Amino acid sequence: MKIEWTPEHIIFSEIDEFIADALRQIPICASSCEDKVIARIYPAPTDGVDEDADEDWREHVVPGLSELFQTHMDVVSKDLAEMREEDESFTLTFPTEHTRAWMHTLNQARLALGALHDVTEDDMEGRTKVSDAEKSYALFQIEIYGFILHLMLEHTEL
Amino acid sequence: MADSEVLIEEQTKTEESLEVPWNVVVHNDPINLMDYVAKVFMRVFGYARERAERHMMEVHKKGRSIVWTGGRERAELYVQQLHGFLLQATIEKSR
Numbered sequence: 001m002k003i004e005w006t007p008e009h010i011i012f013s014e015i016d017e018f019i020a021d022a023l024r025q026i027p028i029c030a031s032s033c034e035d036k037v038i039a040r041i042y043p044a045p046t047d048g049v050d051e052d053a054d055e056d057w058r059e060h061v062v063p064g065l066s067e068l069f070q071t072h073m074d075v076v077s078k079d080l081a082e083m084r085e086e087d088e089s090f091t092l093t094f095p096t097e098h099t100r101a102w103m104h105t106l107n108q109a110r111l112a113l114g115a116l117h118d119v120t121e122d123d124m125e126g127r128t129k130v131s132d133a134e135k136s137y138a139l140f141q142i143e144i145y146g147f148i149l150h151l152m153l154e155h156t157e158l
Numbered sequence: 159m160a161d162s163e164v165l166i167e168e169q170t171k172t173e174e175s176l177e178v179p180w181n182v183v184v185h186n187d188p189i190n191l192m193d194y195v196a197k198v199f200m201r202v203f204g205y206a207r208e209r210a211e212r213h214m215m216e217v218h219k220k221g222r223s224i225v226w227t228g229g230r231e232r233a234e235l236y237v238q239q240l241h242g243f244l245l246q247a248t249i250e251k252s253r
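If you're matching them up, the sequences are chains A and B in order.
Just so you know, we're using the numbering used here here: the first sequence kicks off at 1 and counts up by one.
Just so you know, we're using the numbering used here here: the second sequence kicks off at 159 and counts up by one.
None of these hints come from the bench; they were simulated from the model.
Heads up, a few of these hints could be off.
Facing chain B, according to a computed beta carbon distance under 7 Å, are these residues of chain A, among others [stated by the list, open to error]:
1. Glu59
2. Val61
3. Thr120
4. Leu153
5. Thr156
Label-pair restraints from in silico Cβ distances [what the hints assert, rightly or not]:
6. B/Arg253 - A/Glu82: 52 to 58 Å
7. A/Ile28 - B/Arg222: 29 to 35 Å
8. B/Glu216 - A/Glu125: 18 to 24 Å
9. A/Glu4 - B/Asp193: 20 to 26 Å
10. A/Trp5 - B/Leu235: 29 to 35 Å
11. A/Pro7 - B/Ser252: 25 to 31 Å
12. A/Thr93 - B/Gln239: 45 to 51 Å
13. B/Glu216 - A/Ser89: 21 to 27 Å
Straight-line alpha carbon distances no greater than 25 Å define the calculated DMTMM-like cross-link-like pairs of lysine to aspartate or glutamate that follow [to be verified]:
14. B/Lys220 - A/Glu88
15. A/Lys135 - A/Glu17
16. B/Lys251 - A/Asp122
17. B/Lys251 - A/Asp47
18. B/Lys220 - A/Glu143
19. B/Lys251 - A/Asp54
20. B/Lys220 - A/Asp122
21. A/Lys135 - B/Asp187
Since the structure is predicted, the reported quantities are computational estimates derived from the model, not experimental observations.
Think of the CB as a built atom: it goes at the ideal place given N, C-alpha and C, for glycine as much as any other residue.
With the rest of the complex left out, here is chain A (with noise of 0.2 Å):
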């Protein structure tokens, strides 16, 4: 996969159909909702100290971050539907402007991934070995999600 960055647009090219695969999984994965997962992308701002303090921030902070989350979502979505084949290899294009939405979804679908797979730090160090195929195929993700990401970060603010 070759990553081109112009002033306007960010071109990924030579993908193949592994690794576009995986990149069509980048919003699935970020829109989980399984509990583990609901449960890391919207934690509780006192862990549970303060019960009443927690209930409020779900009643009026995660919708809002909800509606967020999703926005940049969408965005993400939106520029994978036009990866485009050609010469049996994928292209994916989209503006700059879209960075900071990219970044976020990316970072969300890793998150997910862990929370869904129990990823420990161990994991990531490569210090276990993992049998399990799903959670070894969610640990290329994390990867080439991160991989991604911190390319990102190197190029934009936040």
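Could you slot chain B onto chain A? The hints should help.
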């Protein structure tokens, strides 16, 4: 009589909550990128890179870092912003 007692107690509790300094605490998670966390601190608190990276390393090595201390209302606002960047942040009373 009972109602006014409750009211006074609630007022006292609220005033105490507002007066006591509150910590904004960021907790470690194995997934967030270290450079991302530092950049969030720079963006949310306006910290210089060195200070942001110091807090980021504290989160990474000790599991948590108190990134700001002050009034509850502002602490909650900061936690909201940190949650907007998907960091695990909580508020707690400063000891």
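Take the shortest C-beta to C-beta distance between valine 61 of chain A and chain B; is it under 7 Å?
6 Å, holds
Can you let me know if the beta-carbon spacing of arginine 253 of chain B and glutamate 82 of chain A is within 52 to 58 Å?
For glutamate 82 of chain A against arginine 253 of chain B, whose Cβ atoms are near 53 Å apart, the range 52 to 58 Å holds.
When the least beta-carbon distance from threonine 120 of chain A to chain B is tested against 7 Å, hint result:
6 Å, holds
Taken at face value, is the distance from the CA of aspartate 122 of chain A to the CA of lysine 251 of chain B at most 25 Å?
32 Å, violated
Given the hint that lysine 220 of chain B pairs with glutamate 88 of chain A, does the C-alpha gap stay at or below 25 Å?
Given pair lysine 220 of chain B, glutamate 88 of chain A is violated - Cα atoms ~48 Å apart, limit 25 Å.
Assuming the hint says 25 to 31 Å, is it satisfied by the Cβ distance from proline 7 of chain A to serine 252 of chain B or not?
Violated, at about 46 Å.
Are the Cα positions of lysine 220 of chain B and glutamate 143 of chain A separated by 25 Å at most?
24 Å, holds
Between glutamate 4 of chain A and aspartate 193 of chain B, is the Cβ distance one that fits in 20 to 26 Å?
22 Å, holds
What's the verdict on lysine 135 of chain A and glutamate 17 of chain A, does the C-alpha distance respect the 25 Å limit or exceed it?
20 Å, holds
For the hint on threonine 156 of chain A, does the least C-beta distance to chain B fall short of 7 Å?
Interface hint status for threonine 156 of chain A: violated (10 Å vs cutoff 7 Å).
Assessment of proposed distance window 29 to 35 Å (beta carbons of tryptophan 5 of chain A, leucine 235 of chain B)
At roughly 34 Å between Cβ atoms, leucine 235 of chain B and tryptophan 5 of chain A fall inside 29 to 35 Å, so the hint holds.
Given glutamate 59 of chain A as an interface hint, is the shortest Cβ-Cβ distance to chain B below 7 Å?
Because about 13 Å separates glutamate 59 of chain A from the closest Cβ in chain B, which is outside the 7 Å limit, the hint is violated.
In summary, the structure is inconsistent with hints 1, 5, 11, 12, 13, 14, 16 from the numbered list given earlier, while agreeing with the others.
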